[in-house]
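Listed in order, the protein sequences are those of chains A and B.
Counting with my numbering, you get residues 141 to 395 for the letters of the first sequence.
Counting with my numbering, you get residues 56 to 415 for the letters of the second sequence.
These are computed hints drawn from the structure, not numbers from a lab.
It cannot be assumed that every hint is accurate.
[Stated by the list, open to error] Example chain B residues on the side facing chain A (calculated, C-beta under 7 Å, incomplete): (1) Asp97; (2) Glu101; (3) Asn348; (4) Ile366; (5) Arg370; (6) Leu404; (7) Ala412; (8) Gly415.
Cβ atoms here follow ideal geometry from the backbone N, Cα and C, with glycine treated the same way.
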Amino acid sequence: MVEADFWKWSGHFSSNFRSQYDRFSLLLNNYRILRNPGTVREDSFELEGKYFNSIHVSGVQFRWTERVRGIRPKDVKSLSIELNMNLTRCYERGKKYFDETGIPDHISELIVQIDIHGKTKDAKKYYYNSWHLDQDVDDKGSGGRQEYPHPLFHLHNGGRHLQELVESEDYGDICIFPSPRIMHLPLDYFLAVDFILSNFYPNDWYALREDNQYINFMKKTQIVYWKPFIGSMNDFWGTDADKKKKAVELLPQYA
Amino acid sequence: MNRILLIDDETPENLDAVKTLLSSVLEQEIIILHPYQFNELDVISEGAEKGDLDGAIIDLRLDQIVNKAGEKANYRGITLANEIRSRQMSDDIKGIPLFLLTTADKIKNYEQSIDSLINLFDFYFKKDNLPDDHQKVASIIQSIIHAYKNLSKEKDQCLGGEVKRIGVHSEITDVIGGKMPKHQRVQFILRELILKSGPLISESVLAARLGVDFKNSDDWSNLKKTFLLECGYSGLFSSHWNRWWSELIQKWWDQISEIKTPLQLATASERVEIIKNSTGLDNLNPIEKGENNSTKFWAVCKKLEIAIDPIEGFRSNQTNNYLWQEQEYYSLQALREFHEELIPFIHPLERTMAWDALNG
C-alpha cells in the first residue's frame with residue numbers, strides 16, 4: 141500500500157500530530173510553562189500486514205518551579221520536569237481503529253518517562269525522581285505467567301531508569317524498592333502534559349482548565365484514548381466473551 | 056570562476072590587499088567599483104541579468120573618499136543594499152548575494168541595530184580580520200554564491216537527498232517552495248536552519264549528543280566518515296557548514312543500540328560504549344563529567360561551547376522564530392566565569408536562579 145493511502149484511512153490523528161503539537165506548544169508558551177518544547181520524531185512502517193505509526197517526543201522540559209510543597213531534602217529549592225515518550229499505534233485496514241478495535245490492539249507500544257529534577261539554590265547539587273508509565277507487552281499470548289501481574293497500562297515510581305538518573309550513585313538514606321504497578325489510563329503526549337501539570341503545576345493547570353483551547357485538546361484526545369479504554373474496562377461485565385478477555389488484558393485482577 | 060563586485064570608496068591601492076586576499080584562496084575574480092550616483096545599480100543589474108556577476112561586496116561607508124575624478128557618493132552601503140534588495144524583490148534585479156565589508160571600528164556605531172543591518176546582507180566580514188580569516192571568508196562567500204545559484208523549489212535539491220528519510224516540518228518546505236524572493240529563501244535556510252540548532256546540528260552538538268570528547272578522540276573523523284555519513288547534511292551551504300540531521304542521528308542510535316535506551320536518556324559513557332561496540336572504533340572517549348551532575352549531554356553552552364545537559368543549563372533569552380528550533384543554554388561554568396555580564400542574556404524566568412547560583 142502506498143503511504144498516502146495509509147494516511148487517508150488511518151484518520152486525522154497521525155498525519156497532523158505535528159501541527160497539533162505545534163499548536164499545543166504555542167498555547168503552553170502563552171502560559172510560560174515549557175522551558176523547552178522538545179523535539180518530535182515520527183516513523184511509520186509496515187509489519188505483518190499491519191501499519192504502525194510511532195511518535196517520539198523527547199526532551200520536553202517544564203519550567204523550574206519553587207512552589208512544590210513538602211520536598212525532602214529541604215535544600216531542594218526548585219524542580220523541573222522532563223518528559224520523554226514514545227507512542228506507537230497500529231492500524232489494520234478496514235477497521236475504524238478506535239471504534240472497533242479496543243485500546244490494547246491499537247496502542248502497540250507506550251512509554252512515558254517523567255523525570256523530576258530538583259536542584260539546590262546554588263545549583264551545585266541535583267536530586268532526581270522518576271515516574272514511568274508503560275504498557276506491559278512481555279508475555280501477551282504466550283500463556284505464561286508474569287512474575288507480578290501488571291495492569292496493561294501502569295504507572296510506577298523509580299525503577300531502573302531512576303538508578304540511571306542518579307549518576308553519582310548517591311541515594312542518601314532513601315532506598316529504592318520495586319514500586320507497585322498502579323493501574324492508570326493511557327497517556328498520549330497531550331494527556332501526559334496534563335498529568336504533569338495537574339501534579340506539579342497546579343496553578344497553571346487550574347488556569348488552563350479555564351482555557352477553551354486547552355479543554356478542546358483534552359476532549360479530543362480523551363475520546364481517542366480514554367473512551368475506548370474505559371469502555372473496554374466496562375466490557376468485563378458484559379456478555380461478549382472476546383471483549384471480556386480484552387478487559388482482563390487491561391486488568392489481570394478482574395475476577 | 057565567481058565574479059564579485061567590490062563596491063568601496065577606498066583607493067584601488069588600498070583595496071588591492073583585500074582583493075588579493077579574497078581571490079588568492081579560491082577562484083574568485085574581484086572587480087573594484089568606486090561608488091558614485093548609484094551607478095553601481097546598473098552595473099549590478101546588467102551583470103546579474105547576463106549571469107556574469109555572482110555577488111557584491113559592499114563597504115559600510117561609501118561616502119568618505121573621493122576618486123581621481125574628485126567624485127564621491129553621498130550615500131552609504133546600507134542605502135545601496137536596501138535599494139538592491141528592493142529591486143530584487145520586484146525582480147528588477149536578479150537575485151545575487153550581498154556581503155557587507157567593514158572595519159570593527161565603523162561597525163561599532165551600528166552595534167545597537169546590528170541585526171536589522173545584517174538582515175540586508177547575506178553575511179558580513181571585518182576588513183581588519185581578513186589577513187587571518189581570508190580562507191574562511193572566501194569559503195563562506197563561495198558557499199553562499201553556490202546557494203543562490205542552486206536554490207530550487209524542490210526540498211531534496213535544496214536540503215540534500217537525505218531529506219527524503221525524515222519528516223521535514225511543513226514550515227520549512229513552505230518557505231523553500233514558496234513565493235518569497237530568492238534572497239529571503241536563501242537567508243531563511245542559512246539563518247534559521249543552518250546557523251541554529253534544530254533539525255540540523257553542528258559538529259560540537261553532534262559530539263555532545265553522542266557523548267564523544269571529539270577533540271580528544273582519534274577515531275572521531277573515522278566515525279564521521281564511515282558511520283555518520285548518511286546522517287550528514289549535503290544540501291545548500293554544506294560546502295562550508297558541516298551539519299548533521301538530528302533525526303537521522305537518533306535513528307542511527309536506535310539501530311545500533313537496539314533501542315534499549317533512548318539516546319537522550321543514556322549517559323555519555325553508555326553512549327560511547329555502545330558506539331564503540333557497534334563500530335569497532337576504539338579511540339573514542341566519553342566527555343568527562345567535570346563539574347556537571349549529569350552527562351546526558353544534549354546541547355553546547357552558548358558561551359563556552361562545552362557539552363551540557365539542558366536541565367543543568369540556564370536558558371538563554373533568545374527568542375526562536377520557529378518551534379522546531381532548539382533552545383540555547385549557558386552552562387554554570389560560563390556563568391561563574393562571566394558573572395553579571397552574562398545575566399542579561401539569561402531568560403528572565405531563570406535569572407533569579409542564575410543569581411542564586413552565583414551567590415551560592
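Evaluation of the provided hints:
1. Asp97: The hint is violated - Asp97(B) has no Cβ within 7 Å of chain A, the shortest such distance being about 46 Å.
2. Glu101: violated (45 Å)
3. Asn348: Since chain A brings a Cβ to about 4 Å from Asn348(B), closer than 7 Å, the hint holds.
4. Ile366: holds (5 Å)
5. Arg370: Constraint on Arg370(B) satisfied, holds at 6 Å.
6. Leu404: Holds, about 6 Å.
7. Ala412: Because about 4 Å separates Ala412(B) from the closest Cβ in chain A, which is inside the 7 Å limit, the hint holds.
8. Gly415: holds (2 Å)
Going down the numbered hints, you'll see the structure goes against 1 and 2, while the others check out.
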